[in-house]
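Participant: With the hints as extra help, turn the sequences into a complete structure.
Chains as they are written, first to last, in UniProt numbering: chain A, 1 to 247; chain B, 1 to 247.
Derived by calculation from the structure, the hints in this document are not laboratory data. Wrong hints could be hidden among the right ones.
[Said to hold, decoys possible] EDC-like mimics (lysine to aspartate or glutamate), calculated; alpha carbons at most 20 Å apart, straight line: (1) B:Lys-78 with A:Glu-159; (2) A:Lys-78 with B:Glu-160; (3) A:Lys-78 with A:Glu-49; (4) A:Lys-78 with B:Glu-73; (5) B:Lys-78 with A:Glu-73.
There are 2 protein chains.
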Amino acid sequence: MVAAATGHPAPPDSSAGPAEHAHTAAWIAGVLRGRIAAGELTPGSKLSEQALSTALGVSRNTLREAFSTLAGEAVVTKIPNRGVFVASPGAEEVREIYRVRRMIEPAAVLWGEVTPEALADLEAIVGRARDARDSGSVHGMADANQALHSAVVGLSGSEELRTLMARVLAEMRLVFHAMASAPDFHSHYVDRNVELVERLRAGERTEAAAGLREYLDAAEAELLGHLADDREDRPQGARQVTRRGSG
Amino acid sequence: MVAAATGHPAPPDSSAGPAEHAHTAAWIAGVLRGRIAAGELTPGSKLSEQALSTALGVSRNTLREAFSTLAGEAVVTKIPNRGVFVASPGAEEVREIYRVRRMIEPAAVLWGEVTPEALADLEAIVGRARDARDSGSVHGMADANQALHSAVVGLSGSEELRTLMARVLAEMRLVFHAMASAPDFHSHYVDRNVELVERLRAGERTEAAAGLREYLDAAEAELLGHLADDREDRPQGARQVTRRGSG
DNA sequence: TGCACAGGATTGTTCAACAATTCTGTGGAT
DNA sequence: ATCCACAGAATTGTTGAACAATCCTGTGCA
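Facilitator: Pasting the structure below:
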């Protein structure tokens, strides 16, 4: 299937807000970001300017502005004279993701401000993760896991680091979307996350950071393994979905 | 002076490269980035679409694409229906800068890969910093300082963190450009940097990270102090250079 | 001095056009 | 049958003009 989705969302001038002007490009960027995150636009698929602009009801110029924004977020890859494609992270990108996470997450654990409210948030999240595991909800575990690690980085108090972490987690989601089968990746790590939060509550920051780094090492290794398996299963063409016919 | 500079650089189709097409927007973004970094475009000044597009010899649409990119990098601030302005970081932005630096720099020191080559690089840089101080070159000290801290983050091995650090250092440059007087900010810290590298060579990572965090605390405090002084000197209008006439 | 208001300037967005490049499919040569 | 050249189609890159929406400016009036 070609990337340009069919159902176009509400046109820019639908509601009666005071300043509906001057938001189209950002709005388009948000729509595309959302569809990519939701997996509707699969990694590697091409985003045709003409198809998308007519489908979304905006001009090519405005769409291009949105593309510039998304390319800056690495949500989308721009190849000159070829077009833009949904980012399709592979093994190297996964390694980079974990290089980043192995720095900023333990740093936030070690040096962040662990307020009682933050601690309560973290505990609520690991609770949700446990519930999700007990009810067998892979989606719920994935969500809780992302929320937990996002909250961990939030301990740093830095908006910029949170943004970076959000980008990295979005890229993680793309990695999962690009994999053929979605193996039960998260259930192994629920207990590790519980342990992390317990150590934080106990004030054992050094141990919490060390454990977190071990966890990240293990998760990276497992993910790379899954990725290699997946690559074996479908020998070619999985990462460059350019053709238009049946998938 | 209005923001649209006069001398337009070489037009897109000047050299005889194979693919001179498909680079205008990125090229424009680079030009603007450079002029802002060089201080030619002062913080707070407005970047008029019409003036800039004619001065640079590109269309408004292409210029807007470049603006989207730069806004994503926080080099430029986009206010709907008002225009885009060179970012003008104040006290809050400085605090955020140091929140980021206090996380990623010590993290790289603690957990990065300190190869002999990286160590040699760091020592070469502190050497340059010392030379600059001895010869009284404020510019040289500033350059060496930025190079050092960029290299420290480079220990993490992560391209993304390097990019983030580059952005943060670019914002630091804007802070200095926004200040009326450029006090001798760096000379105090040359010895601290020397100490940092020595500890790294000795393998005392924990101490190196702790010292680095102290250094960042001190630098932040001093910078915020200078910023407050500066604000006292010129009570108003310094951060919103919108008018066009004489400055 | 303070405020409404008209006019001009600027941004936001679209459209149509053209140049440059890539993609596609056809035909010929080996 | 495979490979290569090549023309035509499709797509991207970029421009210019146009118009709507919003902001800014200066004027006149209370």
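Participant: Does the structure break any of the earlier hints, and which numbers would those be?
Facilitator: none
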